[in-house]
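Chains as they are written, first to last, in the working numbering: chain Y, 11 to 143; chain E, 11 to 143; chain L, 11 to 143.
Hints listed in this document are in silico derivations from the structure and should not be mistaken for laboratory results.
Heads up, a few of these hints could be off.
Since the list gives no way to pick one copy over another, a pair counts as held whenever it fits inside one copy or between any two copies.
What the hints assert, rightly or not - Here are the simulated lysine to aspartate or glutamate pairs, DMTMM-like style, with alpha carbons at most 20 Å apart: (1) K68 with E88; (2) K133 with E109; (3) K133 with D33; (4) K112 with D26; (5) K30 with D82.
Keep in mind it's a predicted model, so treat the numbers as computed, not measured.
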Amino acid sequence: MDSFTVATGSTDNMIDITGKVSDIVTASGMTSGLCTAFVPHTTCGITINENADPAVKKDILKELGKIVPRSDGYLHGEGNSAAHIKTLMTGNSVTVIVESGKLVLGTWQGIYLCEFDGPRTRKIYVQTVSKLI
Amino acid sequence: MDSFTVATGSTDNMIDITGKVSDIVTASGMTSGLCTAFVPHTTCGITINENADPAVKKDILKELGKIVPRSDGYLHGEGNSAAHIKTLMTGNSVTVIVESGKLVLGTWQGIYLCEFDGPRTRKIYVQTVSKLI
Amino acid sequence: MDSFTVATGSTDNMIDITGKVSDIVTASGMTSGLCTAFVPHTTCGITINENADPAVKKDILKELGKIVPRSDGYLHGEGNSAAHIKTLMTGNSVTVIVESGKLVLGTWQGIYLCEFDGPRTRKIYVQTVSKLI
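Chain Y on its own, in the form it takes in the complex (with noise of 0.2 Å):
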């Protein structure tokens, strides 16, 4: 397993991890098999997205700030409850096929850590597993 660090910056953000998870991928040597990325963490999410206009993070951090009110009643002292809903949304790792020692992504795709409750620095652990040859 492989990790690294990331520092989100602030409350909501989206941070292209792509570049870091693909480096792990090709020091491990591997050729064909699955690549999952993973945050130990419960007020954010990782997930796939767009990687060419910057404005999609916008719309998406500011819909789902509409969707899911940073207030809104909610009985969790901490005041983060929203994050771990919209975590909940989004997912906590992504799986990536990697074929010819690459991860095989789209053209316009990119691996983002999605920031709900910064800024902090967040954990992003890397497993990588072989197809049988």
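Put chains E and L on the given structure of chain Y with help from the hints.
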């Protein structure tokens, strides 16, 4: 890695791809392990849901359209921000267990490509990884 | 593949299944790889979220009920369309990294079966795949 394409036919749609994924697992000759189906796009997702009553698909797509309106003051110029957000909620891949050479799905489960910005022709990538015996 | 069942007790509930999944990983004797826990149902999901304050579960379930109302002009005759939609948002499986023979989870993370149409007895399937050494 294997792949196939599907024509999605309308703006919002859920297309059952269970048979195509299952055929890839059968052709692989694997006995036991994991199968990941992944979409290399950012405005469609992939999920597992009810395969019996087609009304469920209609309810899902209509309600997602209420939760994430197509127009809501988005910044992204292509006009498909709602599709990007629904993709985040749905997820980019499904991972299904393989046992005795077959996908292990519940009686009412089918694998669906979820189109949120069609009609388009979409690609699905499938990777299998066997358990070590 | 291993499996176990859980009685969910109420209409909406989140049941901590971390211990049961962890026991399967330990019994497998694996050292390093991936573990996927999968629900073969279409009205319950599986996710990873806060394992400390039980108020977080209450906030999650209540807010999901606001976002996806139980009655909203749905077509599906069984009356549980909201549960199907929440399942899409939550996801059908979680994939967790295994290292040194153990599930690698964050301090505050637990694996939860998310019941959206209970009470029922639900099945969870667990598959482990080892990394090639």
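Verification of the supplied hints:
no. : hint           : result
1   : K68 with E88   : between (25 Å within a copy, 14 Å between copies)
2   : K133 with E109 : between (25 Å within a copy, 16 Å between copies)
3   : K133 with D33  : within (16 Å within a copy, 25 Å between copies)
4   : K112 with D26  : within (17 Å within a copy, 29 Å between copies)
5   : K30 with D82   : neither (36 Å within a copy, 33 Å between copies)
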